[in-house]
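A.B. asks: Here is what each chain is made of, one letter per residue.
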Amino acid sequence: MTYTVLDPTNVPIRTTFEPALRPESLKGLTLGLIDNGKKNSDYLVKKIGHRLRELYGLSDNLHVRKPSPSHAIPRDMAEELAGKVDLVVAGIGD
Amino acid sequence: MSPALMSHRIEVESAEQALETFYQNGWTDGLPVVPPTEEKVLMFLGAAGLGPDEILGSIPERNRIFTAEKVAVNAVMAGCLPEYFPVVVAAVRGISRPEFGLHGVSASTAGSGILMVVNGPVASACGLNNGQNLMAPGNRANATIGRAVRLVLYNLGGREFDRSTLGHPGKYTYCIGEQETGSWVPLHVMRGFKKETSTVTLFAAEGPNQIQNHVALKPENILNTIADRMRALGSFNMGGDCECAVIICPEHYETIVRDGWTKEGVREFLYENACRPLADLKRGGLNESPIEPGDEEKMVRTVSSPEHILLIMAGGGAGRFSACMPGWFSRHMSKAVTEPIGVTCAGGT
Chain H
1 MTYTVLDPTN VPIRTTFEPA LRPESLKGLT LGLIDNGKKN SDYLVKKIGH
51 RLRELYGLSD NLHVRKPSPS HAIPRDMAEE LAGKVDLVVA GIGD
Chain R
1 MSPALMSHRI EVESAEQALE TFYQNGWTDG LPVVPPTEEK VLMFLGAAGL
51 GPDEILGSIP ERNRIFTAEK VAVNAVMAGC LPEYFPVVVA AVRGISRPEF
101 GLHGVSASTA GSGILMVVNG PVASACGLNN GQNLMAPGNR ANATIGRAVR
151 LVLYNLGGRE FDRSTLGHPG KYTYCIGEQE TGSWVPLHVM RGFKKETSTV
201 TLFAAEGPNQ IQNHVALKPE NILNTIADRM RALGSFNMGG DCECAVIICP
251 EHYETIVRDG WTKEGVREFL YENACRPLAD LKRGGLNESP IEPGDEEKMV
301 RTVSSPEHIL LIMAGGGAGR FSACMPGWFS RHMSKAVTEP IGVTCAGGT
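Here the protein sequences come in this chain order: H and R.
Under the numbering used here, think of the first position of the first sequence as 1, with each following residue one higher.
Under the numbering used here, think of the first position of the second sequence as 1, with each following residue one higher.
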């Protein structure tokens, strides 16, 4: 005799998207930096931006700070970045 | 005809083998679970008037959704009765509201529990405990409703995201009722609902900080003791804009209301007196600036408004022990929410 039970788990919903084209060179491009809003995250991303400029000749940085580390970046903030920068550095951390 | 359930079926030889399989797959909270059969899950969905594919909530940051079927599976596992399921449904809807900030709440190293306060007729209908041993084992509704929500987070929300340093015993369950028969306005009415509406209030909170005062016979003295614990230096409330839950036990309540104090008055008093000098935060390194003249007199409040205190009357009839539960991180990341509980849950917001 078998006993049948149900799996209680799920998996994340997979979404398909076309990744942005990778630039052949970073020289002269504008970098976006997403600060997750935690303490000292602003210092960290600024240092990352500064170092990448030194290494790769990026022209400028645009630094935005998420209003909440607990939530995704607001849509208007993401759209602003998309309109003004060529690539973005983002991360999670505490 | 029963609706089709989409969950993967697992064939085993017995209920006991099902239990061991669930343990081996990491699908429990460390305690035995009730094996979720199709029959049981359909009973739960019927009790709430829900189709299996109705979406009750989600964590968008993780691309995770919570269907009624999957929530029912986990509620069966938790040991709920079908009549508890509308409460579980409301709780899942509530924590999925953007203002609750479920992603951070359930991932944080801070490891808050999700305090659930059930108000209205459904609390007594489910036999929820609001008295002695308020937050202890022994009551099926308190134990399993809270447990169901946590199993949902583990099995549907992504257990791997929970990076809490110390954990929290309320992650087994943290579900209570409130005593609504006294002169005080119940929590859900203070939060804008009618008394006859059943609701569940969800709040990301520390564990209960028990506060004893068996000597004081004046309300102000009792409340000063509570305010003292609320202003703990090591809570997020100090230096952040956080809410705080306070449970007043019946013996303290009797002393307080004897002098005519309302909940509003108690909240106002706690708001004014749960504070400490800015110099204390600097001594604790929570503010890295040097101590300056005037810092001993500049007060930092536990909450930024009396309305940010969730005041509840509950607990056993003997013993002068109240409690406070500071909140998690900040109101801009998570706020307490109150979700109505439908007799049936179809078409909820």
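Please note that a few of the clues may not be correct.
Derived EDC-like pairs (lysine to aspartate or glutamate); straight-line CA-CA distance at most 20 angstroms [claimed, not checked]:
hint	chain 1	residue 1	chain 2	residue 2
1	H	39	R	288
2	H	46	H	7
3	R	218	R	259
4	H	66	R	259
5	R	282	R	259
6	H	38	R	296
7	H	47	R	61
8	H	66	R	61
9	H	38	R	259
10	H	46	H	18
Calculated from the model, a selection of chain H residues having no Cβ within reach of chain R, i.e. all distances over 10 angstroms [stated by the list, open to error]:
hint	residue
11	13
12	49
13	72
Read the hints as simulated data drawn from the structure, not as lab findings.
Everything numeric in this text was worked out from a predicted model, so none of it was measured.
Every residue gets a Cβ at the ideal spot worked out from N, C-alpha and C, and that includes glycine.
A.B. asks: If a hint holds in the structure, say so; if it does not, say that too.
C.D. replies: Here's how the hints hold up against the structure:
The hinted pair formed by residue 39(H) and residue 288(R) meets the criterion: a straight-line CA distance of about 12 angstroms does not exceed 20 angstroms. Restraint check: the Cα-Cα separation between residue 46(H) and residue 7(H) comes to about 45 angstroms, which exceeds 20 angstroms; the hinted pair is violated. A C-alpha spacing of about 8 angstroms is found between residue 218(R) and residue 259(R), which places the hinted pair at or below 20 angstroms, so the restraint holds. With a CA separation close to 47 angstroms, the supplied pair residue 66(H) and residue 259(R) exceeds the 20 angstroms bound.
For the hint pairing residue 282(R) with residue 259(R), the CA-to-CA distance comes to about 38 angstroms; that exceeds 20 angstroms, so the pair is violated. Proximity of residue 38(H) to residue 296(R) is assessed by CA-CA distance (about 28 angstroms); at most 20 angstroms being required, the pair is judged violated. For the proposed pair residue 47(H) and residue 61(R), the alpha carbon gap of about 26 angstroms is over 20 angstroms, so the pair is violated. Annotation: proposed proximity of residue 66(H) to residue 61(R) holds, straight-line Cα distance about 14 angstroms (limit 20 angstroms).
In summary, the hint linking residue 38(H) to residue 259(R) is not supported, as the alpha carbons are separated by about 45 angstroms, beyond the 20 angstroms threshold. As the CA atoms of residue 46(H) and residue 18(H) are separated by approximately 28 angstroms, the hinted pair breaks the 20 angstroms bound. A beta-carbon of chain R comes within 10 angstroms of the beta-carbon of residue 13(H); the shortest separation is about 5 angstroms. For residue 49(H), the condition that its CB be more than 10 angstroms from all CB atoms of chain R holds, with the nearest at approximately 23 angstroms.
Distance check on residue 72(H): its Cβ comes as close as 5 angstroms (rounded) to a Cβ of chain R, failing to clear the 10 angstroms threshold; non-interface status is violated.
Consistency with the previously given hints fails for numbers 2, 4, 5, 6, 7, 9, 10, 11 and 13, ordered from lowest to highest.
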